Each structure stands twice: as structure tokens, then as C-alpha cells.
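K.L.:
Residue-level listing of the chains:
2 protein chains.
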Amino acid sequence: MNTDTWIALDWGTSHLRTWLLNSSGEILDQRHCDQGMNNLQPDQFEGVLLEQIDDWLNFETITQVLACGMLGSRQGWIEASYDSAPCAPGTLLTKAPVSDPRIDVHICPGIKQLAPADVMRGEETQVAGLLTDAADLNTVVCLPGTHCKWVRIVDGKITEFQTFLTGELYGLLAKQSVLRHSLDTTAWDDQAFKSAVDESMAQPQSISAQLFSLRAQTLIGDLSAAAANARLSGLLIGLELANSKNFWSGQQVTIIGESRLSEHYNLALQMQSVTTLQANSETMTLKGLSLAHRQLNGA
Amino acid sequence: MNTDTWIALDWGTSHLRTWLLNSSGEILDQRHCDQGMNNLQPDQFEGVLLEQIDDWLNFETITQVLACGMLGSRQGWIEASYDSAPCAPGTLLTKAPVSDPRIDVHICPGIKQLAPADVMRGEETQVAGLLTDAADLNTVVCLPGTHCKWVRIVDGKITEFQTFLTGELYGLLAKQSVLRHSLDTTAWDDQAFKSAVDESMAQPQSISAQLFSLRAQTLIGDLSAAAANARLSGLLIGLELANSKNFWSGQQVTIIGESRLSEHYNLALQMQSVTTLQANSETMTLKGLSLAHRQLNGA
Chain G
1 MNTDTWIALD WGTSHLRTWL LNSSGEILDQ RHCDQGMNNL QPDQFEGVLL EQIDDWLNFE
61 TITQVLACGM LGSRQGWIEA SYDSAPCAPG TLLTKAPVSD PRIDVHICPG IKQLAPADVM
121 RGEETQVAGL LTDAADLNTV VCLPGTHCKW VRIVDGKITE FQTFLTGELY GLLAKQSVLR
181 HSLDTTAWDD QAFKSAVDES MAQPQSISAQ LFSLRAQTLI GDLSAAAANA RLSGLLIGLE
241 LANSKNFWSG QQVTIIGESR LSEHYNLALQ MQSVTTLQAN SETMTLKGLS LAHRQLNGA
Chain C
1 MNTDTWIALD WGTSHLRTWL LNSSGEILDQ RHCDQGMNNL QPDQFEGVLL EQIDDWLNFE
61 TITQVLACGM LGSRQGWIEA SYDSAPCAPG TLLTKAPVSD PRIDVHICPG IKQLAPADVM
121 RGEETQVAGL LTDAADLNTV VCLPGTHCKW VRIVDGKITE FQTFLTGELY GLLAKQSVLR
181 HSLDTTAWDD QAFKSAVDES MAQPQSISAQ LFSLRAQTLI GDLSAAAANA RLSGLLIGLE
241 LANSKNFWSG QQVTIIGESR LSEHYNLALQ MQSVTTLQAN SETMTLKGLS LAHRQLNGA
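Protein sequence lines, in the order shown, are assigned to chains G and C. Take the first sequence: its position 135, counted from the start at 1, is 135 in this note's numbering, and no numbers get skipped. Take the second sequence: its position 71, counted from the start at 1, is 71 in this note's numbering, and no numbers get skipped.
These are calculated hints, taken from the structure and not from any lab test. Everything numeric in this text was worked out from a predicted model, so none of it was measured. Possibly wrong hints are sitting among the right ones.
[Said to hold, decoys possible] Below, computed lysine-lysine pairings styled on DSS-like, alpha-carbon distance capped at 27 Å: (1) G:Lys245 - C:Lys175; (2) C:Lys157 - C:Lys194; (3) C:Lys95 - C:Lys194; (4) G:Lys175 - C:Lys175; (5) C:Lys157 - C:Lys245; (6) G:Lys194 - G:Lys245.
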């Protein structure tokens with residue numbers, strides 16, 4: 001075991017991703033499990049983590065663990081500090097309480113914005129990753145996910161951001177509402193998606209009626225389960241774009257996300273004639289955590 | 001056992017309400033359980049019903065059971081017929097398959113509307129109840145609930161209706177989303193509700209961001225759990241009112257619902273200077289089912 005190895009964690013609401021890296025940031029091993037913070041009590045985090053990484057550890061050295069995500073929320077392992085926008089992604093790490101002598105766990109700070117009130121935990125680390133190659137970047141970043149974030153970056157600082165519940169709404173509606181009978185979350189229809197984005201942007205106030213209409217159209221109309229799924233996604237993303245226009249209008253947008261969801265946002269933004277760049281969320285998270293690791297060690 | 005007795009059922013998504021009545025419509029007994037259609041397979045409905053009403057039955061006579069609600073949906077006991085709007089609430093009952101010789105189960109027809117596609121199951125029986133006292137009524141009816149219906153009635157006919165997912169959205173968000181940590185569904189704040197109705201009607205496109213903001217305002221602001229609950233309700237009802245304006249603007253509205261939820265709709269509508277009447281949903285359901293029972297028996 002190389003004493004230079006360290007461990008990166010992205011511990012979100014529904015998933016835990018772990019990576020073993022060397023000091024150059026090369027991935028030596030990685031794991032993924034669905035033990036998200038959502039179903040864990042604070043005193044359960046260390047045990048779940050050790051199950052994932054036990055064979056990466058040894059008693060000769062203390063392995064540093066750098067973490068970001070919802071594990072730092074009030075319902076997480078321990079509430080980590082917040083930086084306050086406008087600010088650059090921060091470096092004031094919070095140590096998590098551990099009883100195992102082999103690990104030393106540090107959680108990256110979230111970012112809060114007082115007016116309008118908003119918070120992020122995890123996305124700031126992806127933004128830090130994006131900024132490692134261009135510290136004085138000026139751009140708008142869209143981070144699709146459970147809680148999609150729109151972030152304005154001026155000279156490398158996060159000056160403003162807004163969170164949309166889009167992904168969580170999609171999940172609840174697709175899997176737990178009456179609509180679950182009407183749609184197939186594994187199927188897709190680009191044209192149905194695009195029409196729904198258009199309709200929702202033009203009439204955002206109709207969303208609650210449009211949602212029930214998906215049910216009615218599959219019952220008494222000829223809407224397919226694939227089209228219903230794409231329409232649901234399109235209605236919700238269109239609603240988000242209707243309200244995030246001050247972020248994307250006339251701007252180049254960098255989308256940081258997983259590939260499939262990013263592609264849907266990309267499609268919707270191209271319909272608004274917005275130029276986009278895409279970056280992979282996992283890559284940006286690892287770059288951001290690597291930066292935090294270097295800073296922790298004075299590098 | 002009086003052979004004139006009959007049984008009324010309101011079998012919705014999450015609840016089953018049963019009443020034993022005499023031929024004059026007087027309630028002799030009633031029960032309530034949470035075995036809604038949501039978790040039942042078609043072949044389980046008869047058994048669940050018999051558990052509720054077994055002691056109301058005898059082998060000397062066949063007891064008529066008149067039912068309305070989601071038990072008549074495609075995922076219910078048996079898919080009952082639809083009338084097609086514009087129409088009066090219908091009388092073409094669908095018989096449910098039963099193996100017990102003591103009961104004869106009839107399900108009231110739902111109503112469908114082709115353009116825009118929409119469906120109702122249960123609310124048409126409440127409207128029928130309202131119409132028993134005024135067969136040529138002209139009014140707009142609002143039926144708050146899981147799937148809130150707005151119904152335009154001209155000369156006793158349902159000419160147009162629209163369904164909003166408002167109640168189901170509230171339930172999913174309050175109990176299953178990240179907002180569950182931020183609000184207390186048993187607490188309330190009238191002023192927070194009213195502000196949220198105003199904000200949502202003025203900027204309906206902001207709903208997805210406003211929802212996440214409830215979380216942020218309880219984390220880093222001073223929003224109480226009671227105010228967060230009332231704000232969630234107000235945002236969703238305001239969104240509904242923003243899109244149902246063509247129903248309520250300049251009209252007198254009859255609200256049929258359970259008392260607490262009706263009061264919230266009443267408050268929001270009064271803010272729009274709309275005059276309202278209120279009727280109890282259970283009373284209207286029983287009036288509607290009693291009418292169906294009389295018609296079935298040629299009375």
C-alpha cells in the first residue's frame with residue numbers, strides 16, 4: 001500500500017461513489033453503492049463507508065478521505081460549513097467524526113446564498129473542478145440532477161445561483177404518482193420531448209394540468225408510454241428554462257452532468273439557440289476533490 | 001335485516017368508505033378503511049369489500065352495492081364505462097364481477113373529455129349529488145383533492161372540465177421529497193399561505209425554484225415548519241388558480257370537498273374576489289349514489 005494514496009467520496013442523496021487515487025490524481029480503484037444519505041442516520045455513515053473501502057486501508061498510515069455532497073447536510077454525517085456567495089468554491093474543510101484510526105475524513109464546504117435563499121452541496125466541488133483549468137472563467141454552468149443548479153461564474157467566482165427541483169419532481173411523478181401507470185422511464189421520444197419543452201415554456205402556469213393530461217392522454221388518447229416519459233421530462237425541463245432565462249439567455253452554457261440527462265438539457269437549450277459545452281460530472285467532481293486534497297496538504 | 005337496505009361505496013386511490021343505507025337514503029351504519037385501489041389487484045377488491053361489509057349482508061336477499069371512484073379505473077376492480085363530455089352525470093352502470101351470492105355491485109360511469117384529454121372518476125357522482133336539488137344548475141364547481149377538478153356546468157350538463165395534479169404533488173413533496181425535512185404537515189400559517197398564492201399566481205413559471213427555496217429558507221433563513229407547509233400548499237394552489245382562471249374569473253364557484261382543504265381553496269379564491277359556496281364531498285357522494293340507486297330500481 002502506497003502511503004500517498006487517498007480516497008475521494010461523492011456521497012449524495014441516493015448514492016455513494018468512492019475512488020482510490022494516488023497523489024497524482026490517477027484512479028487506482030473505484031466503487032459505487034446505493035447507500036445514499038437519504039436513509040442513513042449520522043452514526044451510520046462511518047460503517048457504510050468502511051464496508052466500501054476497508055481493503056483500501058491499512059494500520060500503518062492514516063488515509064485521507066476527501067468528500068463532497070449531501071453527507072455534509074444537516075441530515076448527513078455532520079453539517080459541514082457553508083461559504084456565502086458571491087465566492088469562489090471554498091477550502092474550509094469540515095472533519096467528520098470517526099472512530100476508525102485508519103481514516104481522516106474531510107468534507108468540502110457547501111455554498112449558501114442569502115437572497116434569494118439557496119444552498120448547494122456537491123455542485124460547488126464540480127465547479128471547482130471546472131475552474132482548475134481556468135481560474136478566471138466567465139460562464140454560466142447548468143448542473144442537471146435531482147436538484148438542478150444554474151450557476152453564474154464571473155472571474156472564477158460564483159456570483160449567483162438558483163436551484164430547481166426538476167429531477168426530484170421527475171422521479172416522484174414517474175415512479176410514485178398516478179403517472180407511473182402511463183409512462184415507461186426506459187423509453188424515449190425526442191419529438192415528444194421537444195414539443196413538451198415548447199409548450200411548457202410558452203405556458204408554464206399549465207404544468208399541473210399538463211401533468212394530469214399525460215395520464216388522460218394514455219387512457220383515452222394514443223399517447224405512448226415512451227412519449228409520455230419524454231413529455232414528462234420535457235414539461236419539467238421547459239418549466240425550468242422558463243424561469244432560468246436570466247441565466248442562459250444570450251450566454252454560452254457549460255452543462256456538467258451525467259451524459260443522458262445532459263443530452264436532454266442540451267437539446268432543450270439548443271432549441272433556444274443557446275451554445276453549450278458539456279463536461280462530465282464525475283470528472284469534475286474528481287478534479288474538485290483532487291484540488292481540495294492538494295490544498296489540504298499544502299501543495 | 002331489512003331487504004330495502006343497500007350499500008354505498010366511495011373507493012378512491014387511498015381509501016374505501018362504505019355506508020349502509022335504507023331506501024330513503026338514511027345512513028344506518030358506516031365504515032372507513034385505508035385499503036385504497038392503489039395497492040390492490042383486480043381480484044382482491046371483492047375480498048377487501050366483504051371484510052368491511054360482511055355483517056351487513058344475509059343469504060336471504062341480494063344486497064345492491066352502488067360504487068363510485070377509482071375502483072372503476074383501468075387499474076381498479078373492473079374498468080367502468082365513460083360518458084363523454086358535454087353530458088350530464090351518467091347512469092350507465094357497470095357490474096363488477098363477484099363470486100359472493102349476497103351482493104350485486106354496480107359502478108357509476110366516469111366522464112371523459114377528448115380535447116383537451118381529461119378523465120374523472122368519482123367527482124361526476126358528487127356533481128350528480130349537487131344536481132339532485134337543481135337539475136338545471138349553471139355554475140362552476142371546484143372539487144379539491146388528490147386530483148383537483150374544475151367543472152363548468154351549464155343547464156345541468158358538464159360542458160368542460162380540467163384536472164390538476166395539485167393534491168398529489170402536495171403529498172409527494174410534503175412526505176417524500178427533500179422538503180419533508182423542512183415542513184410540518186400538521187401546522188399552518190394563513191399569512192404564509194396567502195403570500196405564496198400571490199407569488200405563485202404572479203410568477204407561475206418559478207414553481208420549481210420556489211419549491212427548492214422552501215428547503216433553503218428553512219436551512220439558512222427563518223422559515224418555520226408551519227409556514228413552509230402553508231407556503232407549499234399556497235404555491236401549488238396558486239399555480240392551479242393561475243391556469244384555471246377561465247373557470248373561476250367572474251363566476252360564482254361551488255367548492256365540493258372535505259372541510260379543511262375546501263377552506264384553503266376558499267381563502268385563495270376570496271383573494272381573487274370570487275364568491276364561493278361550499279358543499280361537503282361525502283354528502284354529495286351519497287346523494288349521487290342514492291340517485292343511481294333509485295334509477296337502478298326504476299324509482
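K.L.:
Among all the numbered hints in the text so far, which are the ones the structure does not match?
P.N.:
Hint check: 1, 2 and 3 fail, others pass.
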